[in-house]
Amino acid sequence: MKPKGIKLWEENAVPKHRIQWCPGCGDFGVLAALKQALVELEIMPHELVLVGGIGCSGNIRNYLNGNAFHGTHGGPLAYALGMKMANPDLKVICLAGDGDTFAIGVENFVHTCRRDPDMVLLVMNNGVYGLTKGQDSPTAGLGQTVEVWSEEHPPMVDPVLLALASEATFVAQSFSGDVKHTARMIVEAFQHPGFAFINDFSPCVTYNKFNTYEWFREHVEYVPEDHDPSDKDAAWRLVRDFARRGKLPLGVIYRNPRPRTEARRLPVWEEELRDVDVEPILATFR
Amino acid sequence: MSGQMNRVKILVGGVQLRDGVSTVTEILGRIFTRAGLFAVAMERGYASTIYGAHQYDPMLVAEEPPLSYGDPVYDILVALDYDSNPDAPEQPNRDTVLRHGAHLRDGGILLYDSSTGEIPTESLQARGVRIFPVPARKIALTELKREIVKNIVMTGALFRLLGFDGDFAYLRQLIEERFGRKGREVVELNLRAAQRGGEAVERVLADRNYTLDVRLEPRPRRHRAVYISGNDCLGIGAIQGGVRFYAGYPITPASGILEFMERWLPRYGGRTLQGQNERESIRAAIGASLAGVRAMVGSSGPGISLKVEEFGVIGATETPVIIVDAQRAGPSTGMPTRPEQGDLNLVIGGTHGDIPRIVLAPSTVEECYTLMLEATELADKYQCPVFFLTDLNLSEGRKTVPEDLFARRPSIRRHGVLREQEARERPYRRYAVTPSGISPRVLPGTPGAVFKSSGVEHDEFGFVTIDPRKRAAQMDKRMRKLETYLREEAKPPYVFGEIRGNPVMVGWGHTRPVLQEAREILLRRGITVALVHFTYVYPLPKHLVEPLFADAGPVVVVEQNYSGQFADLLQRELLIRTRRVLKYNGLPLYPTEVADGVQRALQQEGAVVRIGSEVPVKVEVGWDEAEGN
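Sequence order for the protein chains is A and B. Quick note: the first sequence uses this note's numbering, first residue 1197, plus one each step. Quick note: the second sequence uses this note's numbering, first residue 21, plus one each step.
Only chain A is shown next, with the shape it has when bound in the complex (with noise of 0.2 Å):
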């Protein structure tokens, strides 16, 4: 890593003793990896769009340089959606967190594995809603023996799982107290030709005791070398493997490009929208 290539990152960007993290807080070692990731991909800070979620994570895109974008909860995917669409030659990186993504944004989430846009989704997954003091998330209760269900307590939605069979082309896992590990992901990531999803476990060190670093340490086993990322059913089981020994796997679990077909920049200055020629709509209604 070349120091001068991570300063880089650090202009434009909110000063290093203003960042509004709890010290410790799993994101930052999301910080860290992005940052790595991104001299090592030779990314441009303007060529970048960091679209943040609603939350703590969301946030982070205000911790780096490059441009970057915040709307509602829920819709960072659909407005990356639409920044892609419009000019494929930007790197679009999505960064959200459990509630944002797979609570009030589970319907973008479904689509975009779905439709499949070249550009990069990083959950920062802890299990509880930071910002407004701990409530649980839909991820949350990774690792817990529950007995007994109820509508207010239901069992947790899986990311890797939902996101397989979303029909996600990329789906991968890491853990962010693993910096070096979750850069790698994130490089692979935007190497996808496609929709590149990273679930990756952030832990909440203020209101989730359970799921500590000590806990993921404890849980967490790379992915073996054996495993072919390109084979679904191979995918399938590696996951029902991990949990039947309650160990998550980091690592690129599912890798598998569709064929997609050519995009291009949309049409945006003057010289590209001048002498318009409708006569061809006109003639349709004659």
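Because the hints were derived from the structure by calculation, they are not lab data.
Heads up, simulated DSS-like pairs for lysine-lysine below, C-alpha to C-alpha not over 30 Å straight-line:
id	chain 1	residue 1	chain 2	residue 2
1	B	LYS490	A	LYS1329
2	B	LYS490	A	LYS1212
3	A	LYS1405	A	LYS1376
4	B	LYS490	A	LYS1203
5	A	LYS1203	A	LYS1376
6	A	LYS1443	A	LYS1329
7	A	LYS1376	A	LYS1212
8	A	LYS1376	A	LYS1428
9	B	LYS562	B	LYS511
Got chain A sorted already, so can you dock chain B onto it with the hints?
Then chain B, alone, in the frame of chain A:
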């Protein structure tokens, strides 16, 4: 009314999907347009079902452009429906005659499909109506062996009644264009069908000793013209105005825009997205706009309600999007296939907090085009939501429009979008505080500049803030755009007649032609009224409007909703009292009832006249009123 006037009002009715009502009126509209006449078919009578409901399309044809579609009084009723079960005690398939017979003028013409038997018409005959039973379906089935040509039999019959296109030259050309590819046989079959229809009318004329007094004659064509809907016109306007990204979700009556854009945008280098829901549509449009593309969404009330949270995002992040609201009768799912002007409060008030926004409401099919050109510029310049309010009739209704309307090719100007050179000149701040309130944009990918764009309150650079001074500065900056807009852009309303000392009718949006005609009716009755009509609806250009009303007589606002949403806006902004004429029963406004309503409203201070709500309600099983989108 007589033949010399070369002006005929026709109603074609039948069973939805089965009888091809709109196929017939589409053929008629195109042929009349080609013949140099002006067809206006703004009212669309259909239901939110695929099959089986009663459908009707009224059409006014004249040699000069008619002001509006006129009153529901018809010279000719064309009933395509037949009884699928003649033994059933009730004959819903005779709906066209049952429902619209009363609207046939005395001495008018009823042309109906008598394949399953003749129907009782004594009461119509008593009013001098001439009855033409033509067994179109039977002719199609038995003589021509193709049921599908039954509508061409009826078209041929209608042309004979109108004394129009006697040699079927126009019809032949249209059929050749449509079916030529399917071979000569198909063309000839259709022409034989038209011929049979004409002959069937001849037989009735001979049998019943009728004479015909209605006549439509082709006019030498002065202008090339198209027969086109409001949705299609605004689509053309959007494409000429530089819109290259459109997102929609299927909803009546905005689906036509989605279909138009899916067909045409790619040919101009653009893309159309059918969203998985209303929110994905508008969010994708915001994203496309952020990337620099002029972006537009379209929907109707229920969909607009779902998009409301994004109004705030557009306003706060200052990312321009044009939002077309093809209004229909609300609330909730309401009446999906009926017109209304009930969404004004939604688009001027929708969102928490305050945002700058501009609301335009075209008053004619032509303005769907011209005002859309304005909308594309305004959105780009003011970086705020620009709402474009049509309604079902304006969106889906069709009309003859001379093509020179589209000849004016506007040159597009990108407003305040910095290119690389300009962006490099200074440290770039996305939300720089400026006197106009407009901050220059850069597009992502522009070397030398990055932006942080956010719906969270932000400082000039775009970083999150709750600093009171910065908040106030940004709020002031955003809202100041409206002052700039009012000063530089807002147009005054249309004014017809002398306002000073006279009663004033006020309207907005698509009702203008009807209100103009109502005003003429009132003038003929010796009541002098002025008409003030708004298309630049919000923010109300107070400085232009206030002087207008300074010495006006009573102000009567006419609109198609229950509460008088525009009247409320006018009262609030101008501190004047209004009287109201309101209609919300799902039918369009008609000139004579508006004139009557205004006359009644003038009798009493604070009057609210509700058109159509005094009519006794006949309770019937809602078989044609199924819910849906």
